[in-house]
Every structure is written in C-alpha cells, then in structure tokens.
Amino acid sequence: MTLPAQSIPAQTLLDELRRCGVKFIVSVPDTHQKSLLALLDTVNDIRVITCCTEDEAVCVAMGLWIGGAPVAMMIQHAGLYACVNHLRGVGLDLKAPLFMMVGLLGRDVNKMPRENIGSMVRLAEPLLDTLGIKHCLVDGPADVQQIEPAYREALRSEAPVAVLIGAPTA
Amino acid sequence: MAMSRGEALRAVAQHRGERIVVSTMQVVRPWHSISPSDLNLSCVGFMGGASTLGLGVALAQPGRRVVILDGDGSLLMQLGSIATIAGAAPANFCHILFQNGVYETSGSQPIASADAIDFAQMAKGAGYKAAYTFDDVGRFREEVAGILDEDGPVFVVLKIDQRDEMAEWNAPSVSALAETRTVHRALTGV
Numbered sequence: 002m003t004l005p006a007q008s009i010p011a012q013t014l015l016d017e018l019r020r021c022g023v024k025f026i027v028s029v030p031d032t033h034q035k036s037l038l039a040l041l042d043t044v045n046d047i048r049v050i051t052c053c054t055e056d057e058a059v060c061v062a063m064g065l066w067i068g069g070a071p072v073a074m075m076i077q078h079a080g081l082y083a084c085v086n087h088l089r090g091v092g093l094d095l096k097a098p099l100f101m102m103v104g105l106l107g108r109d110v111n112k113m114p115r116e117n118i119g120s121m122v123r124l125a126e127p128l129l130d131t132l133g134i135k136h137c138l139v140d141g142p143a144d145v146q147q148i149e150p151a152y153r154e155a156l157r158s159e160a161p162v163a164v165l166i167g168a169p170t171a
Numbered sequence: 032m033a034m035s036r037g038e039a040l041r042a043v044a045q046h047r048g049e050r051i052v053v054s055t056m057q058v059v060r061p062w063h064s065i066s067p068s069d070l071n072l073s074c075v076g077f078m079g080g081a082s083t084l085g086l087g088v089a090l091a092q093p094g095r096r097v098v099i100l101d102g103d104g105s106l107l108m109q110l111g112s113i114a115t116i117a118g119a120a121p122a123n124f125c126h127i128l129f130q131n132g133v134y135e136t137s138g139s140q141p142i143a144s145a146d147a148i149d150f151a152q153m154a155k156g157a158g159y160k161a162a163y164t165f166d167d168v169g170r171f172r173e174e175v176a177g178i179l180d181e182d183g184p185v186f187v188v189l190k191i192d193q194r195d196e197m198a199e200w201n202a203p204s205v206s207a208l209a210e211t212r213t214v215h216r217a218l219t220g221v
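Protein chains in written order, with our numbering: chain B, 2 to 171; chain G, 32 to 221.
Derived from the structure by calculation, the hints contain no laboratory data. Bear in mind that the values here come from a model prediction, so they are computed numbers and not experimental data. Heads up, the beta-carbon is just placed ideally off N, CA and C, and yes, glycines get one too. Relax, there's no trap hidden among the hints.
Here's a subset of chain B near chain G, in silico, CB distances under 7 Å, partners left out:
1. Ile50
2. Thr54
3. Glu57
4. Cys60
5. Leu65
6. Gly68
7. Gly69
8. Ala70
9. His87
10. Gly90
11. Val91
If you want a taste of the chain G side facing chain B, the calculated C-beta under 10 Å gives, among others:
12. Val75
13. Met78
14. Ala81
15. Ser82
16. Leu84
17. Gln92
18. Gln109
19. Gly111
20. Ala207
21. Leu208
22. Thr211
23. Val214
24. Leu218
25. Thr219
Take the sequences, apply the hints, and build the full model.
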C-alpha cells in the first residue's frame, strides 16, 4: 500500500463484484462508495436491497446466503459500529460468510487508518480485530486484486470478512 | 379479547406446508414443539432480526414461501425493517406478529406505547400489500390458510394474552446455527 490512498473507479469495483459472482448488494447507503451505488442502480444483473440499518443488512445478507444467493454488503464505518451485536450474533455465532465493503468516510488519505485523528476511521480496524473479523485495506486500483480473494475467504471460512475502502470511489 | 400463543401457532402449523418459518423469542420453543421441520430458522441473540433474516431467504428463493413469527418488542427494536421489507416487496413473504404488549422474556415490562400502538397500520403505512389484525382465534383459524397464500408482503397482527405458556412446551433446545445449515442444504443442495 502506498500513501496517499487513491480513488478506485466504480466500474473497476463493479467488475470485481461480477467476478465474485455477486447477485445481491445489501446496503445502507455509504457516502464513501456513492459512485459505485449509483452505477449499481444502472445494472440489472445485480439487485441492490436498501436497508434502514446495518443490523438489518447483516440479517438480509445471512438470509440470502442461506437461500443460496451470492451477496455482498456495502456499508460505512459508522454502520460497522452500529451493528456490532448483529455481527456477533449472526456473523460469529451463526458463522455467516458476510462479505462487507466498508467505506472509511472522512479518512485522511495521507495516513494509515489507525493513524487518523478521527475515531471513526482510527478504530475501525481495531474493532474488527477485537471481533476476530479478517479485513484488508483497499487503498487504490492496485489493491483491487484483494477483493475476490476476500470474498472467497468469507465463503471458505464461513465467517465475516471486511474490505475497507480507503478513499472515496470515483 | 385475545388468543393464546399456542392456539395461534397451531392454526399456522396446520397450513405451513413446505413454508420456511423464522421464529424468534418466546415463540421459538412452542413453534419447534408444534411444528418441527428442517425448514425452521430461529432468531436468537440478535433481537429484531427475524423478519430481515426471512427477507433474505425470500429474495433468494422466490419460489418458496416464507413466514415470520415475530414479537412486538422485537419488531420495535428494528422497526425500520418494515420499510426495508416493503421496499424489497417479496411476494412470498408473510409477517405474523405476536402482540402481547410486553417484553415477556425480561419480566413482562410494557413495550413503548403498549396501549395505543397499531402495528397493522404501521405495516400498511410502510407499504405492505395487506395488513390484518386478529384478536379472536376462531376468526384467525378461518382466514389463516387464505392469508398464507396471498401475494405479499402481508402483515398479520395476532393479539395474544400475557399468560406464561413456556412450561407447557417440551421442545428440545434449538441450535440456531445447525438450523441455518440444514435449511441452506435443503434449499441449495450444498
């Protein structure tokens, strides 16, 4: 990873989601990933389910997996904090293969997330570590190759995996 | 007037067929006793999640019908879920709410606005295709089969009494984790 973090084109991320075979996005709208959400609104091979809370998103994603539908979650770091009990109860206790794309809104792209002043960015990785949830940082187009392996790892390990989107999508 | 939880569940069980049923809180034990099945899922430990767990299954399996057995305190914890469900508009989705006006598990403290709240009106306002309220089990028995077959999302409020029925049920303890794998296998063959 090289600082500063760089924006990733929405089309590049959509191509990765298609490579994973994703058919549903479960989302609580994320400012950080809004260009990808806008692009998803224009395609008909991936359906976006908009939820009111990240708790709901965790459950909808688990239900989709139970029913056999490939799914990815798109949320913001604030939502990650908001849904900790559902991540525990569904993600950990029910061993849910939740693939989560988490936007680090407000990140200083010249610093690593843990070095940011704002607690919302600074504490995201430590929170995931506390929960034992694997994560990786996608800080630009060169890191996009981490996405599909992360998706496969969630399915293989039957556990949540988070991809942190380090800069606003383009 | 109000019905007992057991009476209401027996009426649903009589017509469940091959429906996937997601239950939560005080309904889990009696439901598993009355209607044991490889198509049961339980929401335990993430209060308010039954309906959205079922929504995901319904969206993944549009050819299968999904029934939610929810509680009033649970629904209030994730009230936005009725907008999420209405927005996704699953035709194969029936959401049954057991309303006794209290948080029974924690000692029967009243839910917020227990005397005035109208869940059917909320569901209709959120965009459910239809919403019904029953306080008489006889009338519910007459209509439940038709309601379960309706195009959804459909919402049903059952006014139940506050009698503690738990001692009446001897269902084995439920492994919510094992259930997810059993249903996943049943639906996907994997």
